[in-house]
Amino acid sequence: MSKSLSAQKTTFKCFVYIVCIILTFLSIFPFWTMIVNATRNTYQIQSHAVSIIPSKYLMNNWQILNGKQFNAMQGFINSLIIAVGATICAVYFSTLTAYSIVVYDWKLKRTFFTFIMAVMMIPSQIVTIGFYQMIYKVHLTNNFLPLIIPAIAAPSTVFFMRQYMIPSLSLEIIESARIDGAKEFYTFNTIALPIMKPAIATQAIFIFVSKWNELFMPLVLLTKHDHYTMPIMVSLLRGDIYRTEYGSIYLGLLLTVLPLFVVYFLLSKYIIAGVALGSVKG
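Going by our numbering, the residue at position 97 of the sequence shown is 97; the numbering climbs one at a time, nothing skipped.
Quick caveat, the hints were computed from the structure, so don't treat them as lab data.
Any given hint might turn out to be false.
Straight-line C-alpha distance at most 20 Å; calculated DMTMM-like pairs for lysine to aspartate or glutamate [stated by the list, open to error]: (1) Lys197 <-> Glu184; (2) Lys224 <-> Glu214; (3) Lys109 <-> Glu184; (4) Lys107 <-> Asp226; (5) Lys183 <-> Glu172.
Using C-beta positions, here's what the derived DEER-type ranges look like [stated by the list, open to error]: (6) Trp106 <-> Ser27: 14 to 24 Å; (7) Phe115 <-> Lys224: 36 to 46 Å; (8) Ile129 <-> Asn213: 16 to 26 Å; (9) Tyr186 <-> Trp106: 18 to 28 Å; (10) Lys269 <-> Trp32: 20 to 30 Å; (11) Leu258 <-> Ser100: 15 to 25 Å; (12) Thr190 <-> Ser268: 20 to 30 Å; (13) Ser100 <-> Tyr17: 37 to 47 Å; (14) Gly67 <-> Lys224: 35 to 45 Å; (15) Ile52 <-> Val127: 38 to 48 Å; (16) Ile77 <-> Gln163: 34 to 44 Å; (17) Thr190 <-> Gln63: 30 to 40 Å.
Just so you know, even glycine gets a beta-carbon here, dropped at the ideal spot from N, CA and C.
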């Protein structure tokens, strides 16, 4: 009986490993294809769309990319300013809002949280025209602030932070800090924020990726070439009417994706630590 049970466990583990390997391959394969295509020329991509062997045209694609007025450094800086600024605003103020909902007991708390949840159901495209008219009237077009400041209002992030904070943040600790004379912002910054690190890291990844890849709103608000973000520059990579250099386009996409890997690897350790802590508590 024990041998058959051990065999079943071994079979199940092998099945799990095989599934994980397949899922890993399916996750990595598109990125590897993009990297390989960045080293190939247009003829190779059009004749054989899928290849796992890099080619020798990387520098040629880079020269073509520069010839199309693709300023990678300027695009990196612009996208980084917007993505980092919006991520910091969204994460900090959303955590602060969730803190006020969880820690404080006030009359309209439930109504306030219901209103935040209702805002989540409004598509952002509905307010685009009115938002652009307002930005145009206050002369903030070709400015990064309209792409950063609105990130303060992030209902989905508030909801996530609240749900994480309810079981993780002990109200007794907050009361002890108040008894010791700690101010409210000091208590939030030194006690609540460190406890929320896994949730902050998780939301920071999602927000950074969404802001880095955002195309529609920056394309509407930014019209000067020196303000273009990486997604705008990649969207404008077009050849003439006779030829499109797909190798340079893939190289531009690769340059756009690389910072996302860096951000994920920098913040993933906090997510893993939070999962481990939750399993220990459970």
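_C-beta pair Ile77, Gln163: status relative to the range 34 to 44 Å that was hinted_ = The hint (34 to 44 Å, Cβ to Cβ) holds, given that Ile77 and Gln163 are roughly 35 Å apart.
_Consistency of beta-carbon spacing, Ser27 to Trp106, with hint 14 to 24 Å_ = violated (45 Å)
_Looking only at beta-carbon atoms, does the pair Tyr186, Trp106 fall within the given range of 18 to 28 Å?_
holds (21 Å)
*Hint says 30 to 40 Å; check whether the CB-CB distance for Thr190 and Gln63 agrees.*
Given range 30 to 40 Å: violated, Cβ gap about 52 Å.
_Given pair status - Asp226, Lys107, alpha carbons within 20 Å_ = Measuring from Cα to Cα gives roughly 49 Å; hence the hint is violated.
_Hint check for Lys224 and Phe115 - Cβ pair distance inside 36 to 46 Å_ = holds (37 Å)
*Could one say that the CB atoms of Leu258 and Ser100 fall in the range 15 to 25 Å?*
violated (37 Å)
*asked:* 20 to 30 Å was suggested as the range; check whether the CB atoms of Thr190 and Ser268 agree with it.
replied: holds (25 Å)
*Would you check the hint for Lys224 and Glu214, treating anything up to 20 Å between C-alpha atoms as holding?*
The hint holds at about 17 Å.
_Between the beta carbons of Gly67 and Lys224, is the distance compatible with 35 to 45 Å?_
Taking Cβ atoms as reference, Gly67 and Lys224 lie about 21 Å apart, which means the hint is violated.
_Pair hint Lys109 and Glu184, alpha-carbon separation not exceeding 20 Å_ = holds (18 Å)
*Mind checking the hinted window 37 to 47 Å against the Cβ distance between Ser100 and Tyr17?*
holds (46 Å)
Hints 4, 6, 11, 14, 17 from the earlier list are contradicted by this structure; the remaining hints agree with it.
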